[in-house]
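**Student:** Here is what each chain is made of, one letter per residue.
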Amino acid sequence: MTKLPLDRWVERGVDWLSVHLRLLFDLLASIISGVVNAISSLLHLLPEWLIIVLLIALAYRLGRWKLALFTAIGLVLIWDLGYWDPTMDTSALVLTSSLISVVLGLPLGIACAGNRVVQNAITPLLDFMQTMPAFVYLIPAVTFFGLGVVPGVIASVIFSISPTIRLTNLGIRQVPDDLIEASEAFGSTPGQKLFQVQLPLALPNIMAGINQTIMLSLSMVVIASMIGAQGVGAEVYRSVTQLNTGKGFEAGLAVVILAILLDRLSQRLVGSDRRKRKGGLRQAAWIGGAVIVAIAAAGVYHNVREGAAGNEAGSIGETVGNRIIGIDPGAGLMKASAKALQDYELRNWSLLEGSGTAMTAALDKAYKAQQPIIVTGWTPHWMFVKYDLKYLDDPKGSFGASEEIHTIARLKLDKDQPSAYRFLDRFHWTPSDMEKVMIGISEGKNPDDAAAGWVKDNAATVDEWVKGIPPASGQKLKLALVAWDSEIASTHVVKNVLESRLGFKVDLLQVEIGPMWAGIAGGDADAMVAAWLPTTSIDFYNKYKGSFEDLGSNLEGTRLGFVVPSYMDVNSIEDLR
Amino acid sequence: MTKLPLDRWVERGVDWLSVHLRLLFDLLASIISGVVNAISSLLHLLPEWLIIVLLIALAYRLGRWKLALFTAIGLVLIWDLGYWDPTMDTSALVLTSSLISVVLGLPLGIACAGNRVVQNAITPLLDFMQTMPAFVYLIPAVTFFGLGVVPGVIASVIFSISPTIRLTNLGIRQVPDDLIEASEAFGSTPGQKLFQVQLPLALPNIMAGINQTIMLSLSMVVIASMIGAQGVGAEVYRSVTQLNTGKGFEAGLAVVILAILLDRLSQRLVGSDRRKRKGGLRQAAWIGGAVIVAIAAAGVYHNVREGAAGNEAGSIGETVGNRIIGIDPGAGLMKASAKALQDYELRNWSLLEGSGTAMTAALDKAYKAQQPIIVTGWTPHWMFVKYDLKYLDDPKGSFGASEEIHTIARLKLDKDQPSAYRFLDRFHWTPSDMEKVMIGISEGKNPDDAAAGWVKDNAATVDEWVKGIPPASGQKLKLALVAWDSEIASTHVVKNVLESRLGFKVDLLQVEIGPMWAGIAGGDADAMVAAWLPTTSIDFYNKYKGSFEDLGSNLEGTRLGFVVPSYMDVNSIEDLR
Amino acid sequence: MPIVEVKELTKIFGPEPVKALNLLAEGISKKTIFETTKHTVGVNRVSFTIEEGEIFVIMGLSGSGKSTLVRMLNRLIEPTGGKVLIGGKDIVSMNAQQLREVRRERMAMVFQKFALFPHRTIIENVEYGLRIKGVDPHARRDKALQSLELVGLKGLESRYPDQLSGGMQQRVGLARALANAPDILLMDEAFSALDPLIRKDMQDELLDLQQTMKKTIVFITHDLDEALRIGDRVALMRDGAIVQIGTPEEIMINPANKFVQRFVEDVDLSKVLTASHVMRRPETISPDRGPRVALQLMHDSGVSNLYLVDRSRKLLGAISAEDASDAIKRGRSLMDIAIRDVPVFRPEQHLNELFEVVSSTRIPAAVVGENGKLQGIILRGAVLAALSGGNEHNESGGEGK
Amino acid sequence: MPIVEVKELTKIFGPEPVKALNLLAEGISKKTIFETTKHTVGVNRVSFTIEEGEIFVIMGLSGSGKSTLVRMLNRLIEPTGGKVLIGGKDIVSMNAQQLREVRRERMAMVFQKFALFPHRTIIENVEYGLRIKGVDPHARRDKALQSLELVGLKGLESRYPDQLSGGMQQRVGLARALANAPDILLMDEAFSALDPLIRKDMQDELLDLQQTMKKTIVFITHDLDEALRIGDRVALMRDGAIVQIGTPEEIMINPANKFVQRFVEDVDLSKVLTASHVMRRPETISPDRGPRVALQLMHDSGVSNLYLVDRSRKLLGAISAEDASDAIKRGRSLMDIAIRDVPVFRPEQHLNELFEVVSSTRIPAAVVGENGKLQGIILRGAVLAALSGGNEHNESGGEGK
Ligand SMILES: Nc1ncnc2c1ncn2[C@@H]1O[C@H](COP(=O)(O)OP(=O)(O)OP(=O)(O)O)[C@@H](O)[C@H]1O
Ligand SMILES: Nc1ncnc2c1ncn2[C@@H]1O[C@H](COP(=O)(O)OP(=O)(O)OP(=O)(O)O)[C@@H](O)[C@H]1O
Ligand SMILES: [Mg+2]
Ligand SMILES: [Mg+2]
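Protein chains in written order, with the UniProt record's numbering: chain A, 1 to 577; chain C, 1 to 577; chain E, 1 to 401; chain F, 1 to 401.
Honestly, the hints are just simulated from the structure, not real lab data. Any given hint might turn out to be false.
[Said to hold, decoys possible] Sample of chain C residues with no beta-carbon within 10 Å of chain A, all distances over it, derived:
#1 Phe25
#2 Gly82
#3 Asp539
[Claimed, not checked] The list that follows gives simulated cross-link-like pairs (lysine-lysine, BS3-like), each with its CA atoms no further than 25 Å apart:
#4 Lys31(F) / Lys19(F)
#5 Lys386(A) / Lys365(A)
#6 Lys200(E) / Lys214(E)
#7 Lys200(F) / Lys193(C)
#8 Lys396(A) / Lys335(A)
#9 Lys368(A) / Lys390(A)
#10 Lys412(A) / Lys505(C)
#11 Lys545(C) / Lys412(A)
#12 Lys412(A) / Lys66(C)
#13 Lys31(E) / Lys133(F)
#14 Lys545(C) / Lys339(A)
All C-beta atoms in this analysis are idealised placements derived from N, C-alpha and C, irrespective of residue type, glycine included.
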């Protein structure tokens with residue numbers, strides 16, 4: 001049976017969409033970013049204490065003193081911990097996505113309840129949206145909508161809309177038949193039946209759905225931060241990639257407080273107590289409607305203003321929105337980039353945190369459209385093979401000298417697995433070797449096949465590596481790797497050699513950079529060939545020093561820096577000023 | 001308003017937990033990994049076609065041909081796309097975490113419905129668990145449970161248990177009063193009422209909750225893969241990081257198919273149609289119970305088999321669980337300790353990473369209970385004043401000779417701040433001096449006060465240090481320190497002298513050991529008095545050589561080694577074997 | 001034109017009603033159909049008409065299809081077959097908009113199980129129909145309050161249904177229907193949870209509505225007395241079919257079959273039967289005859305009283321045997337000795353109104369029509385015989401004392 | 001010992017019942033309490049006892065607290081004050097375990113609004129109580145089937161409640177309670193949705209249960225006839241308090257106040273009043289007297305019949321005036337001319353059983369006790385007078401014909 005070329009189809013589909021629906025996507029993006037920006041600028045405009053007081057007052061009016069107390073403590077804590085600004089950014093994002101989810105989800109849930117066909121059609125779609133990993137569509141989302149808050153909102157909506165739809169449907173279906181009959185007997189229109197009978201009686205279920213929607217959209221903020229949505233999510237991501245649990249917890253706590261506040265306030269707004277609910281639903285609908293209109297207006301305004309202010313003179317900064325697309329915040333490259341911005345006094349430039357993948361996606365998009373873009377890059381990377389790129393000169397040496405990639409083994413590996421240890425110690429190749437493997441993978445080859453191909457083509461080199469090492473007999477070996485293209489390439493090559501030449505059974509543990517180091521240090525993984533030094537991984541190296549063995553470099557001549565497509569008319573970082 | 005040191009607390013809490021609840025965590029980890037491994041090996045044992053046929057048959061029995069058709073197409077597609085094995089891994093993970101969620105969530109939901117106090121207590125907890133970003137607790141989870149599938153399962157449960165609890169609660173609360181009354185009028189026990197009336201009537205809601213739990217735990221597979229849980233999640237992550245949308249989609253599709261299958265089969269198993277539901281609930285409870293028992297048994301078996309390899313007789317090793325309590329993983333002491341373990345061939349001993357604080361906390365706890373304990377220790381340290389301790393002999397010299405503590409200044413400090421430079425150069429004291437300050441701090445004195453007290457009591461010594469140095473006029477000075485007790489003591493004394501005698505304004509920068517050196521080398525900090533040499537800090541010393549100025553030692557006669565309370569009947573590291 | 005016209009209306013519950021419909025057409029019984037096809041015949045080819053201003057009562061065994069039938073009148077249940085014409089328009093073939101119009105403007109329903117909205121206060125429940133129609137808030141609040149007052153629940157406007165007793169809830173349902181002021185009221189056991197006093201009030205209210213507003217009312221009840229009291233016509237159902245339709249008296253007096261007879265046997269006949277049902281032919285004499293003739297007449301027909309009537313049979317008085325023989329002795333005319341205060345009833349008066357007089361009068365009471373003509377007399381034995389339910393009452397005949 | 005004893009039982013609905021309780025103790029009326037404190041007095045210091053084997057009927061206005069009262073008997077509603085002793089034990093102070101025991105073994109309830117479990121089939125609904133008790137599946141299925149058959153729903157075991165008509169659902173609720181075979185049955189308007197035929201069957205069933213099994217039944221109804229038919233005693237409630245307790249006859253005949261009188265005025269008296277209520281003193285004669293004496297006696301007391309009794313007043317026959325004068329002519333003894341087929345009733349027979357005979361008999365029927373002694377005779381006028389509701393019936397007196 002030949003494999004269904006599903007991957008090919010999907011990619012073609014995505015390409016097609018990105019070409020043909022660009023207008024639609026741009027429109028969507030500008031609406032969403034308008035809304036988010038409107039909310040966000042509103043939140044940033046008002047002083048902290050005013051927002052806190054307003055929210056406490058609202059909480060007191062809606063709930064009882066308990067809620068007000070929680071609001072007070074929670075918000076002051078956020079303020080005190082220093083997460084006020086990012087929290088407001090996140091609020092804007094989450095408010096927007098929850099709003100969209102509810103505004104779309106309620107009618108869909110109602111439609112499902114009214115019609116079994118609709119329900120049967122929508123349910124699997126919901127399952128799909130909720131379980132298709134966000135990571136999968138984040139990349140196309142970046143292609144369609146660019147980096148930043150917009151794809152974050154969209155991913156949140158996709159992930160979190162489901163409970164609202166499902167529980168609205170369920171709630172309406174559970175309304176007793178005799179009440180529906182009573183309503184119909186008086187000649188209610190479907191709308192009257194809905195608003196006067198079905199929705200009020202389904203309210204507890206609907207509110208449970210909205211609660212889950214809010215919770216889920218907040219649970220997406222970290223993932224959204226990986227494609228450049230700023231806010232507490234980014235703080236969490238940054239802390240965590242720096243193995244800073246305490247700080248991560250603080251930022252996470254800000255998320256939790258925000259979640260509870262949003263949830264409780266929205267629940268109270270509608271009124272969970274039947275006795276007081278009466279006008280609640282309609283009131284909520286009114287308020288909701290008003291808020292939506294206001295925000296939409298603000299968004300359009302924001303958009304128009306930006307559009308007007310925007311494209312004056314053609315400085316490079318302006319053409320790329322003064323943004324440099326970065327990668328994971330924990331990476332040493334980001335630190336170096338930050339240093340570069342400082343060294344060259346690029347004050348109004350911002351470095352967008354995200355992930356390596358998001359960066360390449362953004363690059364791909366810009367490249368195809370021949371638009372200007374500046375990214376943080378490193379060699380070896382397949383992007384240099386695939387696109388025509390250049391490093392910006394770095395006269396001040398902010399990015400330091402070139403880096404090496406080290407092989408790191410756990411303690412005592414030499415005792416436990418001497419053969420593997422010896423091979424790993426000897427493993428050493430060149431950037432061009434690595435790029436050969438990388439480009440193969442980036443063109444869709446299975447990494448195992450790409451590695452096998454390289455090993456076959458470079459039998460001589462490989463023979464050198466394994467000469468005189470007694471083969472093992474099926475022992476297990478765990479290699480950790482981080483999902484950077486370069487590491488996928490090298491680790492698979494190592495794996496291939498270990499298996500095909502030395503008779504090991506290799507498990508690959510693909511993890512984040514922090515866990516990778518923690519894993520080696522804790523002895524959960526045996527080795528890795530992914531330690532970029534002295535810049536990228538230095539913090540981890542220092543942190544775990546003593547708990548691992550450094551087998552020296554396996555590749556030299558890497559480079560870090562700001563990278564632009566060669567069609568761009570800029571050559572040095574100094575030109576960016 | 002000073003910032004709440006929440007991050008500090010959390011980190012300490014985590015450290016504390018990782019030391020004190022290790023047994024519990026280990027137990028948990030072995031149970032969970034047992035279950036996952038049991039399921040996973042079962043799934044891998046059976047040939048693909050058999051599993052497919054079995055599932056199709058089950059689907060046909062439970063649902064109608066539609067479900068069977070979907071099962072067939074879905075599973076064959078997964079097979080065809082080549083994701084069979086990872087999908088089975090993921091199934092094991094997701095089955096385990098959903099099972100745990102449902103098994104814990106149902107009773108909790110019932111408890112919430114029965115008792116408003118419980119509900120009020122649990123609801124915010126659920127909000128917390130669902131919105132605290134998984135990334136935050138993944139790192140501690142790795143500390144607690146190691147890399148791999150276990151922290152993945154735990155993170156999934158934390159994230160996905162909420163809907164089951166919430167909707168069980170809501171469903172039960174919505175059961176009409178008159179039916180509850182009818183049930184009570186016949187003298188139902190609370191259990192009978194629950195199983196005969198409340199649960200069956202709440203079933204649609206409960207199943208909606210379980211559906212969401214399954215969906216959410218599947219949505220965690222990618223995140224779980226970041227800490228080493230293998231499966232489709234890892235495939236997705238890998239593909240996506242290679243910007244390989246198509247492949248990512250394929251792997252994601254496997255997740256989706258798995259989700260839909262799990263959901264539909266579990267829904268059908270209980271029976272969503274009231275007309276057929278009758279025995280369904282009890283049947284489901286039975287099946288569920290049986291499955292749990294079987295899997296638990298398999299897990300215990302798996303565990304016992306693994307465990308049997310371990311311990312022998314009543315050696316010292318056993319009394320302390322073969323563990324030596326260490327400190328921060330980055331410290332040279334840890335490296336030396338690791339070396340010692342190696343030198344003395346203490347194979348099944350483990351060196352527990354943690355922090356100085358955690359170590360002393362553990363020591364204090366054991367000492368009070370007169371229990372055996374082995375820690376890594378160093379002199380000067382207040383613990384030697386407070387407790388009756390002894391170093392274990394180190395005949396092989398793994399810990400090297402005694403150490404000195406050096407004062408290190410940044411380059412050009414002599415030019416910029418000659419007064420400070422001169423004082424620092426002169427600063428020199430004895431272990432007993434230092435211990436005086438340390439014990440004060442350990443007894444709860446503020447470090448500043450303890451230092452001031454010492455300075456007052458030793459005016460003569462201090463006068464020596466500052467004699468002839470012209471005082472500054474409020475210049476700022478940054479001292480870096482690492483949060484070991486000895487360094488806190490010395491740095492505060494230095495600070496006190498600089499401020500009270502020389503008119504400086506001193507900022508203390510408490511950092512990790514790596515950043516401390518980096519800070520001095522980079523000029524971010526002016527000096528530090530914490531360079532243990534030649535063992536502890538040697539790597540940093542070498543690494544940054546040339547970027548700092550070594551002002552020579554400020555204290556001699558320190559020592560490193562394994563330390564035990566003197567009531568323990570062991571004298572040499574060799575006795576540990 | 002009748003306001004409601006039902007033609008061959010049928011309802012079959014089950015997944016394949018048409019199959020069962022065919023069986024039904026073949027004359028297979030409801031029970032057999034259930035046993036063979038698991039389909040339940042709810043209503044079985046029912047036809048009738050209801051005139052405007054009529055109170056049409058439906059009675060029948062539990063499960064005989066009364067609720068189903070009434071629910072089909074406003075198409076809450078979709079009929080399997082047949083037609084329902086409301087004011088001449090077939091409701092079964094209406095589109096949603098037309099149907100809504102009819103339900104809003106022409107009909108309102110009181111439900112057997114109340115079906116109050118638990119999330120609305122009492123007054124909001126009562127307002128529901130008006131709100132649906134778009135009546136403005138003030139007007140609808142006023143109407144709802146009136147309606148609540150009518151059912152005796154004033155002061156409870158702001159409670160919720162679950163705070164009311166069963167009977168109160170039922171009255172809220174009633175008020176909700178009444179507030180709508182529809183032409184046709186469909187009432188499914190609307191008084192079943194009411195105590196006798198309030199029930200009687202409500203019955204009077206209905207009768208009032210019927211008379212003053214010409215409302216048409218379809219009323220399901222299990223209470224025979226109620227059916228008799230308010231029903232213009234009664235339909236008796238069994239196994240989905242109508243067994244008999246007629247005025248209450250027709251049904252009581254001429255039950256169509258054993259079933260109907262058993263059904264009505266417990267009724268308090270004194271509230272059904274009228275003087276005309278129990279009166280016997282009186283022996284009369286005209287005032288131009290003499291007492292001797294009178295005495296002879298009494299002797300011949302074995303009675304002890306004669307009724308004196310003029311030529312147009314207008315009652316003038318009564319003659320007792322004693323007085324007649326006395327008159328012969330004294331030579332007086334019949335007019336002289338006639339007893340003038342003969343108790344008089346109208347023929348449509350119910351027996352229970354007769355008891356007191358009949359039990360104590362010395363001369364059997366007379367039954368006199370509108371025009372003053374003597375129609376009959378009431379003998380105690382005949383009254384008792386009628387109450388015993390025996391069917392001999394309508395035969396006229398002398399009392400054999 | 002009474003099986004149920006209720007002492008000063010009170011229920012007040014609202015957040016602060018004790019406050020309202022004090023007001024109540026001060027004698028403030030339910031209405032005022034509601035208006036001032038928004039608390040509803042459900043039941044107001046009610047006390048009574050029920051003996052074992054008794055059918056105790058509770059009637060009263062809608063909202064008068066009947067359901068609340070009955071629900072407190074098994075503590076579904078927690079009383080605000082007072083005691084309920086079941087078999088001597090106070091149910092209010094029981095712990096959960098004891099309460100459960102009582103509910104399982106001693107009482108079962110039929111709910112006004114049925115409260116069937118929608119997720120269970122009919123038979124499973126009926127089995128519910130048995131299942132709760134832990135009866136084994138076969139036994140409980142058998143009992144449930146019996147119980148279902150009793151209420152006439154055999155064959156519908158596997159349907160679901162929403163597929164049944166209202167009356168059928170009510171009977172399922174009934175069957176559910178009966179299946180439990182409790183000592184005490186609490187029935188809240190348990191027959192309200194039943195048609196007259198089935199209702200009568202059910203009433204007979206209850207009477208049967210009471211007689212054969214000595215069950216105690218507390219029965220709420222709005223149907224006066226029903227109360228009369230099955231009630232040993234009737235309690236009449238108003239505004240939460242009991243206005244009158246007594247046998248049906250006591251209440252009909254001696255209503256405690258205007259309210260009770262109005263409440264019962266519509267009742268069919270022929271089902272309440274018995275022969276003993278309407279019988280008059282007969283003129284008797286012993287067989288050793290001659291016909292002449294008899295004739296004289298008739299003439300003196302103005303009657304046309306005498307009843308022949310022996311020395312212990314045992315009825316031997318009747319003597320008519322005609323026969324007596326005939327006997328004088330022919331010289332026959334009273335025994336010879338006695339009419340032997342005098343219609344005879346027992347004193348406790350209801351009037352409606354008498355109608356047929358009384359209407360057609362030539363000689364007034366006799367009322368004879370258990371021992372065969374003549375107690376009185378039934379005159380038509382007296383029957384009618386009693387039915388007219390006049391209160392003169394118990395006075396004995398001759399018929400003034
Ligand atoms: N849950 C409740 N909350 C407040 N008031 C209540 C509640 N339940 C009953 N009541 C009030 O208590 C009083 C007695 O109600 P109950 O149900 O006992 O009447 P009932 O005699 O059974 O009437 P019906 O014949 O209409 O069923 C009523 O005034 C009612 O409004
Ligand atoms: N939804 C349904 N599904 C199946 N059968 C039904 C359904 N509704 C009613 N029936 C059946 O239709 C028949 C008629 O029911 P209906 O409710 O009209 O009776 P009813 O005359 O109103 O009785 P009651 O006096 O007891 O209310 C019954 O046999 C009942 O079981
Ligand atoms: Mg009905
Ligand atoms: Mg009641």
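**Student:** Which earlier hints can't be squared with this structure?
**Tutor:** Failing hints, ascending: 2, 3, 7, 10, 11, 12 and 13.
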